[in-house]
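There are 2 protein chains.
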Amino acid sequence: MAYLHYWEDFPVGSVRDFAPRTLEREDVLDFARRYDPQPFHIDDGAARASQFGGLIASGWHVCAFAMRMLCDGDLLATAGMGSPGVETIRWRAPARPGDHLRLRSTVMQARLLKSRPGVGLLLTRWEMHNQRDELVMTMEGYGMVACRGAHAD
Amino acid sequence: MAYLHYWEDFPVGSVRDFAPRTLEREDVLDFARRYDPQPFHIDDGAARASQFGGLIASGWHVCAFAMRMLCDGDLLATAGMGSPGVETIRWRAPARPGDHLRLRSTVMQARLLKSRPGVGLLLTRWEMHNQRDELVMTMEGYGMVACRGAHAD
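Line by line, the protein sequences give chains A and B.
In terms of UniProt numbering, the first sequence is residues 1 to 153.
In terms of UniProt numbering, the second sequence is residues 1 to 153.
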């Protein structure tokens with residue numbers, strides 16, 4: 001199968017901006033009820049009384065939400081081979097229902113894997129901002145991507 | 001409100017084992033369709049043809065799944081105040097539909113926050129294993145927890 005993007009297409013320093021998307025209240029509640037039912041994620045009254053002053057999305061939801069933006073942006077057109085992990089996540093400001101979130105991804109490191117010929121590793125940094133230009137979340141994580149040369153078609 | 005557990009109840013070195021739980025196929029597909037629709041997460045045929053040899057859960061799903069185990073274990077009875085972030089995640093082996101996963105959490109660091117009297121920070125390490133005792137995922141992340149003294153009731 002031929003993809004649009006391979007490892008060579010993500011040089012160090014390259015920046016991608018993904019289409020902003022609104023974090024819907026029902027999605028916040030649904031994710032939290034399934035995976036992270038802490039009161040400030042699922043209960044308006046408890047959230048108002050908490051240090052957050054209102055409902056906030058689970059941090060894991062924020063990551064998953066960013067992942068979907070990445071998938072819809074270019075990952076599904078990329079020869080992606082999964083991820084061995086993440087170096088750091090910082091949840092810097094709450095993500096709240098109705099927030100309009102945008103994601104930027106910057107390639108921090110790129111190298112070929114000696115252990116897997118034809119596969120490259122990328123370390124990318126995500127920065128998510130809200131509609132007030134507040135930094136909501138940063139993440140640095142790895143992704144493996146097949147090289148174009150290895151998948152000549 | 002009185003909780004069962006406060007920051008003082010999680011000393012460095014303390015270990016908690018959470019009830020094992022089965023990763024259901026429908027949950028794997030549902031999470032991936034919403035948040036991480038890469039072919040090896042949502043399409044049996046494409047997953048079989050991939051380097052994974054079959055459907056695997058999104059790494060973000062594995063984290064969310066662990067989070068729910070933590071909530072149901074003791075977090076919902078704890079004076080938790082959210083998390084500023086994660087130091088590292090490693091997805092070491094695929095989590096597959098039907099896997100029976102268990103989670104251990106170990107407190108690595110604990111300190112009081114100067115900036116927020118009455119609040120303590122914990123760095124905890126998660127280790128998730130499957131039914132074959134393979135290490136599936138490790139994570140080290142922070143959690144803020146209110147101190148018992150600050151919430152005398």
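Honestly, the hints are just simulated from the structure, not real lab data.
All C-beta atoms, glycine included, are put in the ideal place defined by N, C-alpha and C.
Wrong hints could be hidden among the right ones.
Some but not every residue of chain B turned toward chain A, in silico, with C-beta under 10 Å [what the hints assert, rightly or not]:
1) A46
2) Q51
3) L70
4) D74
5) L113
6) G141
Derived DEER-like restraints, expressed as beta-carbon distance ranges [claimed, not checked]:
7) B:R33 / A:L4: 19 to 29 Å
8) B:L135 / A:K114: 16 to 26 Å
9) B:P84 / A:D133: 16 to 26 Å
10) A:R21 / B:G13: 34 to 44 Å
11) B:R132 / A:L4: 29 to 39 Å
12) B:R132 / A:A49: 36 to 46 Å
13) A:R116 / B:M1: 24 to 34 Å
14) A:M108 / B:A93: 32 to 42 Å
15) A:R33 / B:T22: 18 to 28 Å
16) A:L4 / B:L135: 30 to 40 Å
17) A:D30 / B:A46: 23 to 33 Å
Stretch-level coverage of chain B by chain A, calculated; a stretch enters the list once three of its residues show a Cβ under 8 Å from a Cβ in chain A [stated by the list, open to error]:
18) 30-38
19) 56-65
20) 77-83
Hint-by-hint comparison with the structure:
no.: 1; hint: A46; verdict: holds, 9 Å
no.: 2; hint: Q51; verdict: holds, 6 Å
no.: 3; hint: L70; verdict: holds, 9 Å
no.: 4; hint: D74; verdict: violated, 12 Å
no.: 5; hint: L113; verdict: violated, 12 Å
no.: 6; hint: G141; verdict: holds, 8 Å
no.: 7; hint: B:R33 / A:L4: 19 to 29 Å; verdict: holds, 22 Å
no.: 8; hint: B:L135 / A:K114: 16 to 26 Å; verdict: holds, 23 Å
no.: 9; hint: B:P84 / A:D133: 16 to 26 Å; verdict: holds, 20 Å
no.: 10; hint: A:R21 / B:G13: 34 to 44 Å; verdict: holds, 42 Å
no.: 11; hint: B:R132 / A:L4: 29 to 39 Å; verdict: holds, 37 Å
no.: 12; hint: B:R132 / A:A49: 36 to 46 Å; verdict: holds, 44 Å
no.: 13; hint: A:R116 / B:M1: 24 to 34 Å; verdict: violated, 51 Å
no.: 14; hint: A:M108 / B:A93: 32 to 42 Å; verdict: violated, 26 Å
no.: 15; hint: A:R33 / B:T22: 18 to 28 Å; verdict: holds, 19 Å
no.: 16; hint: A:L4 / B:L135: 30 to 40 Å; verdict: holds, 35 Å
no.: 17; hint: A:D30 / B:A46: 23 to 33 Å; verdict: holds, 26 Å
no.: 18; hint: 30-38; verdict: holds (count 6)
no.: 19; hint: 56-65; verdict: holds (count 8)
no.: 20; hint: 77-83; verdict: holds (count 4)
The structure fails to meet hints 4, 5, 13, 14 from the earlier list, while all remaining hints are met.
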